[in-house]
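Mature numbering (1 follows the signal peptide of the UniProt record, and there is no 0) puts the sequence shown at residues -31 to -1, 1 to 919.
Careful: at least some of the hints might be erroneous.
Heads up, simulated SDA-like pairs for lysine to any residue below, C-alpha to C-alpha not over 25 angstroms straight-line [as the list claims (entries may be wrong)]:
#1 Lys14 x Leu409
#2 Lys467 x Ile431
#3 Lys177 x Thr443
#4 Lys176 x Asp769
#5 Lys228 x Gln264
#6 Lys726 x Gly673
#7 Lys14 x Leu52
#8 Lys252 x Glu202
#9 Lys759 x Ala773
#10 Lys180 x Glu202
#11 Lys177 x Gln767
#12 Lys791 x Gly478
#13 Lys195 x Leu52
#14 Lys176 x Leu409
#15 Lys184 x Lys195
#16 Lys285 x Lys14
#17 Lys176 x Pro755
#18 Lys184 x Ile196
#19 Lys472 x Thr443
#20 Lys176 x Ala773
#21 Lys759 x Gln672
#22 Lys285 x Gln39
#23 Lys467 x Gly478
#24 Lys195 x Ser182
#25 Lys795 x Gln477
#26 Lys280 x Glu202
#27 Lys176 x Ser492
#28 Lys709 x Gly727
#29 Lys791 x Glu740
#30 Lys509 x Lys541
#31 Lys472 x Thr798
#32 Lys177 x Pro444
#33 Lys176 x Asp507
#34 Lys177 x Leu417
#35 Lys541 x Arg768
#36 Lys795 x Thr778
#37 Lys709 x Pro755
#38 Lys813 x Val581
#39 Lys725 x Asp675
Hints are computed from structural coordinates only; laboratory data are not their basis.
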Amino acid sequence: MEEVLLISRFITRSLILLSLWFLCFPPGVVCDTGNVSASSNSSSKPKVINIGALFTLNSVLGEAAKPAIQAAVDDVNSDPTILNGVQLKLLISDTNCSGFIGTMEALQLMESDVVVAIGPQSSGISHVISHVVNELHVPLLSFGATDPTLSSMQYPYFLRTTPSDHFQMYAIADIVDYYGWREVIAIFVDDDYGRSGISVLGDALAKKRAKISYKAAFSPGDTESKINDLLVEVNLMESRVYVVHVNPDTGLNIFSVAKALNMMGSGYVWIATDWLPSYLDSKDAVDSNTMNILQGVIALRHYTPDTDLKKSFMSKWNNLKYKGSAGHAGFNSYALYAYDSVWLAAHALDVFLNEGGNLSFSYDPKLHDTNGSMLHLASLRVFNGGEQLLQTLLRMNFTGVSGQIQFDPDKHLVHPAYDVLNIVGTGTRRIGYWSNYSHLSVVPPETLYTKPPNISIGSQHIYSVIWPGDTTSTPRGWVFPNNGQPLRIAVPNRVGYKEFASKDKSPQGVRGYCIDVFEAAISLLPYAVPRTYMLYGDGKRNPSYNELVSRVAQNVYDAAVGDITIVTNRTKIVDFTQPYMESGLVVVALVKEAKSNPWAFLKPFTAEMWFVTALFFLFVGAVVWILEHRINSEFRGPPRRQLITVCWFSFSTMFFSHRENTVSSLGRMVLIIWLFVVLIINSSYTASLTSILTVQQLTSGIQGIDSLISSTEPIGIQDGSFALNYLVDELNIAQSRIVKLKNPEAYLRALKLGPKKGGVAAIVDELPYVELFLSNTNCLYRIVGPEFTKSGWGFAFQRDSPLAVDMSTAILQLSENGDLQKIHNKWLTHSECSSQVNQVDENKLSLNSFWGLFLICGISCVLSLTIFCCRVFTQYRRFSPEDEESEIETIEQSRSSRRSIRSTSFKQIIDFVDKKEEEIKEMLKRKNSNSNKQQTSIHSFSDGQASSPS
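With the sequences and hints as input, model every part of the structure.
Following this line, the structure appears as structure tokens:
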């Protein structure tokens, strides 16, 4: 009879669940909540308030949450400062890790008119129950459902009282980035909890330029054999960084199987989410076998500050009457969040009642039985104050045993933080903290909250880790896939310039400069690299290097080794190593010996330099003449003689053969500075002319890339080179002018024929090829113009390949120890031609090299003229023209009276300046003597009048 009743009850609950599901999600219709009618009202101050609890009792989280929730209810009921004597009545339902049973238990719980539900711990069950509480307006406070998607607007009555996995996944991404890993493998349980957490992890890693290379999902009930198959598949892959996001009740199976597969040794990295510390913390003493399989694992645990409130709760935990056993067993961080969830509900209810909130329930007309149904939907009632209580919960702010309880606008707890743990020996050691405020640090988060946030790379720190295999060396994080396939390396099958890479009969199959560099770099890596070389191309013409790089990006090859130029469009699809050879495009053309020029003596200086030099010769000569004219008889005489003197003196200083002596101090100063300038100019001219006349000069009709662009003559390039795209796309040279050449022999033929006989005017190619080509041409051809691009050669790998980084480090090491140069000398030693293409115009001495000397000379001349003029002006002011006019009165009377005063004054100044210095001084002496005589006679006349009788 009892079995029949149980079956009947089970069927009834199942029908209720199905009916409620269709009620919440009718096909193609979005239902709005209809008007509710009050059927019963409770008093404003009830004596008892029902709160519910939904979680799996027989679980790691449930065993911690149940005594914590019961203890919290007792503490609230015994606290007279809250709820004013109103008692909380706790109704506990066991979800038994089943969404179906959990939903039925939730419906039964709602029949008891609960105003707040605490739980569940499962994210999957939370998704289903959230629809129930949404319809009945009952806030759901979950202490254990960490699925990030539960924070969406779809679940307005769901409120999480523990940090979301959103933050935990960003903490893991920061750890991965801290150690420089670029790929991880996610091992997770295939349910809402696992899928949503790993989805956020993928987004967080993408922001750090990392990724999840493989998602290894398993069902919650999978056997160890299935887990074994999954880990065997994972172990064949490249990445060695594993993130384990599973349930604490079954998660240890992953590590026990991994231990059996030797995946817990050196080189592996295991990162576990908070499920692992929750399991370990709930055990009073973990057995040694369990700890042995967890050695070196990194795990995250919810961080809760060590406040006095927390310490008080911890001291009471060991003796809680609700626990099944005494001691520390069963405790983990979720017990703190469960305890605070009850207090959050109590504080909110206290505010709710004080603000006049009414604990009343109403019938929803949509929830009724039809056609004789026995589902009893009418027993479910809507909490009228649910919206008000929800808003009250969201604005709560108090300190609980887990820390500050306050919600941000996204309904997340403020200041989410985690301990970063390293499992070693018989326990765990904290190696740092992670918080949403400052990310990784070795300082407790609450200390950093008082400082400005700093998440820069330099501020991220955690202590050293003991990794699996009992090593402190940071694992590389990847290995070559253990699937029996060596690295597939493509090598261009070249037709010409086989010194760089070519086919060989040796077991390796290839040889050349590029191959030796690659092999030398591989030998420096701390691990073996199984590889096989595969020729790319038919051997009849050089392959297209763009296509070769594309094949690497398409996973046809794992890498490409050869003379591959690093250009922009290639870096977008593959990763290149550090360049092992510098390169760049240059122009090669036929050159001839320059013919002698009868006007070669003019080539040392530019026309501007010649003009300024000649001008200064005349200018300095004129300045010296002005300074010497009044006191030096050699600079006086008829105008014609003086003009010849100026010119002769100016240009004779070039050879230091001037015969005129300078007398004035200013003239000597100007002459000394000018002779120094002349000395420098003579020396520079002599050196430049000597170089032009003695060094062999070569000339070419092509002066560089600019002259090629402006011409219409054909241009040769190497077949398969990127030079074709550069000349056509970047320099806008017509593709019809481009001639593809296969090898150095084709280069020679094309250059000898020239553009008029079907050849080319010049060849554009990369510098390493050109140097090798020129060494075999007896210096008949030269590089003309400068190198007009800068690039380098590197090895190409698939995007995000960690081998590219290690190979770059190895290439730098080869360069530093000199091995790279030795390999270069082995394959590419060649003779160089000393003669250069004629660049006389570029080597001419210009005014830019001498303007400082001319500036000094010019300043000295101007300064001397200024001093001279000031002295002459002073003398002129002391000299009185009227005195002189009285002596030559007859001359002045014969002059025209219509002459302007300005003309007379200018003539007087010129005449004054033209006089000798001695004449001026003599005239000034006479003037002073006459002035003294006049003053003496005036004084005598005055004295005579004073002594005469009146």
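Which of the numbered hints are not met once you compare them with the structure shown? 1, 2, 8, 13, 16, 17, 19, 26, 27, 30 and 33
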